[in-house]
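Trainee: Sequences and hints are given; from them, build the entire structure.
Number of protein chains: 2
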Amino acid sequence: MRLAFVQFSPSFGKVSENISQALTLADGVEADLYVFPELFASGYQFKDREELKELAEPATGGPTVERLAEWCRRRGAFACAGIPEADGDALYNSAVLMGPDGLRGVYRKVHLFWREKDLFDAAREDAFEVYDVGLARVGMMICFDWIFPEVVRILALRGAQIVLHPANLVLPDCPAAMVTRCLENRVFAVTANRTGIEDRWDEAMTFIGQSQIVNPRGEVLLRLEDEGAAVSIDVNPAEADDKFVTPQNDVFADRRVDLYSELLKPK
Amino acid sequence: MRLAFVQFSPSFGKVSENISQALTLADGVEADLYVFPELFASGYQFKDREELKELAEPATGGPTVERLAEWCRRRGAFACAGIPEADGDALYNSAVLMGPDGLRGVYRKVHLFWREKDLFDAAREDAFEVYDVGLARVGMMICFDWIFPEVVRILALRGAQIVLHPANLVLPDCPAAMVTRCLENRVFAVTANRTGIEDRWDEAMTFIGQSQIVNPRGEVLLRLEDEGAAVSIDVNPAEADDKFVTPQNDVFADRRVDLYSELLKPK
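Line by line, the protein sequences are chains A and B.
Taking the working numbering, the leading residue of the first sequence gets 33, the next gets one more, and so forth.
Taking the working numbering, the leading residue of the second sequence gets 33, the next gets one more, and so forth.
In short, the hints are calculated from the structure, not lab data.
Bear in mind that the values here come from a model prediction, so they are computed numbers and not experimental data.
Keep in mind that a hint or two might mislead.
Any copy, or any two copies together, can satisfy a pair, since identical chains are not distinguished.
[Claimed, not checked] Calculated lysine-lysine pairs in the DSS-like style (CA-CA distance at most 25 angstroms, straight line):
1) Lys-299 x Lys-275
2) Lys-79 x Lys-46
3) Lys-275 x Lys-297
4) Lys-275 x Lys-149
5) Lys-46 x Lys-85
6) Lys-297 x Lys-149
Mentor: The following block contains the structure:
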C-alpha cells in the first residue's frame, strides 16, 4: 500500500483556506492513506476555550470532516487528520480516520501538551483503538503522545501495523524518538507535522516540520525538513506482523508481563 | 557525583586477566561509581551450559566479585559489573552492585538475548529493584533489556535516578534508543559496552562499543567509539527527580494508568 503525509503551514482560523491548501498538496501524490497534521485546518494557538468552541466541530457533519469525507470518497482513499472536536460541552484535540465510505474512527488525544490543558478535555475512556481499513490495521495518536512509550506499545499490542501520528511539534526530540517507538514495537509510524510560526499567545511557537515515515526496523523511509509538501512511499504493512529480533527473540513474546505490574500502579 | 564506565575487549575465559585489564583502566579515572560491561570478566560465547557453569560464580565469594569488592573497598567507590551468576543449579546473566562495604544488590537479566536462552535462566521474580547508594538511587538492567521500554520505565517509577546498563551490544540501535529512554523517563543512563570479536560459536559476534552516558534531557554527555578506555563525568543525580517537560507537563504525572491496562494482558 502507499502511505502519504502532508506537511504545511496552516494559518490560524482560516479553516477553508487551510483545507484547500492541504488537499491541493495531497492531490499531487497518489496514495491509499494520507496523514495530515494535528489541528490542520483550525490552527493551534486558540486564545481561550470560547474561541476554540467556535472553531470546533463534531466528528460528523462539520465543515472540515465533510470536506475530508468528500475528498476521500472522490479519491477512494483514507485520510487521518487532526481537528478540534466538539462533543456536547466537551472539546477534544482529536484525529479523525476517514475512508471512502465516511468516518471510520476518532482518536481523542490522551496526553495534552502544555496550554492544551486549559483548552481541551483529555480523553476519558479507552482511547487506543485499532482500525482495520482493509489494506492495513492502523492506530492513531497525536503529537505529545510520542513521549509516552505506553501509547505505541498499546496500539501495537492491539494489532496496529501503522501508527498515524498527526502532530504540531515544537520540541526537537520526537523524530528520533519515533525511530525507537517503531523499533521496540516493530510497527510503521507516519508523523505528519506542521511548519510555520504562530504568535497569538504571549509566546510564539515555531513548529519543527520533519514529518517522516519510519518502518518496523527503525529505518526512516522519508523525512522532510520544513518545506510545505506532500510525499508518499510504498510500504508492506505485513512487515509489522513480524516481531522478530533474533531466531529466539520477539519483542512481544519476550515481554515479561508478570514483572511489569509497576506500570499500572497509581502514583 | 562522578560517574565512570569502562569499555574494553575481554578475552573469553581469561577471568583474572580481564579483571586486571578492566580495573587498570578504571584506576585511571576518579569516580564515585563505575560501570563495567556485561559478563566483563568471563567473556560471552559460552560453548554450552557446562562451560558456563565452570565460569559462573555465586554473587558473594567468587573470584570476580571478591576482586571487585576489594577494589571498591580500597577506592571507596561503587561498581556495577556483569557476571555469570550461579545460584544452586540456576545460572543467571547478572549484574552486581558493589560498594565500599561489599555487595549491595544483584540484578538478574530479565530479557535474554538469542542463545543466552540456551545457557542462562531468566530472572524469575521481581527483578527491577532500586538501590539508594547515598549519592544517588540507582537501578540496573543488562544489554537487550534496552529494547523493552518497560524496564527503564519501571526503574524510574521506583525512583531510580541513574540506570546502570552493562552490555555486550551487537545490534546498532541501542545507543540512540537509550536517548529516548532517558528523555521519556528523565533519568541518567550509563551504558558500559564491550568491544572486540568473539568467534567461539559458528557465528562470530562483533561488539559495537559506543558506551555512553546520557542525561535526563536526552543529551549524550559522553560516548566512545570502539576504543578501550575508562572515562568519567560529573553529574547531578537530582536532575532526574525533575520530570518537568513544560509548566503543565510532567512525564510521570501525565501518565494515564487508567488507560494502560493492555500493557499487562498476557498474550
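Trainee: Within, between, both or neither: how does the pair Lys-275, Lys-297 come out at a Cα-Cα threshold of 25 angstroms?
Mentor: between (27 angstroms within a copy, 17 angstroms between copies)
Trainee: Given identical chains, is Lys-79 near Lys-46, meaning Cα to Cα at most 25 angstroms, within a copy, between copies, both, or neither?
Mentor: within (15 angstroms within a copy, 68 angstroms between copies)
Trainee: First find the shortest C-alpha distance between Lys-299 and Lys-275 inside one copy, then the shortest across copies, and answer within, between, both or neither for a cut-off of 25 angstroms.
Mentor: between (32 angstroms within a copy, 13 angstroms between copies)
Trainee: Can you tell me if Lys-46 and Lys-85 fall within 25 angstroms by alpha carbon in one copy, between copies, both or neither?
Mentor: For Lys-46 and Lys-85, the Cα distance is within 25 angstroms only inside one copy (15 angstroms; across copies 71 angstroms).
Trainee: Go through the copies and call it for Lys-297 and Lys-149: within, between, both or neither, with a Cα cutoff of 25 angstroms.
Mentor: Cα proximity of Lys-297 and Lys-149: one copy only (23 angstroms, versus 30 angstroms across).
Trainee: Indicate which option fits the pair Lys-275, Lys-149 if close means a Cα-Cα distance not exceeding 25 angstroms: within, between, both or neither.
Mentor: between (36 angstroms within a copy, 17 angstroms between copies)
Of the numbered hints listed earlier, not one is contradicted by the structure.
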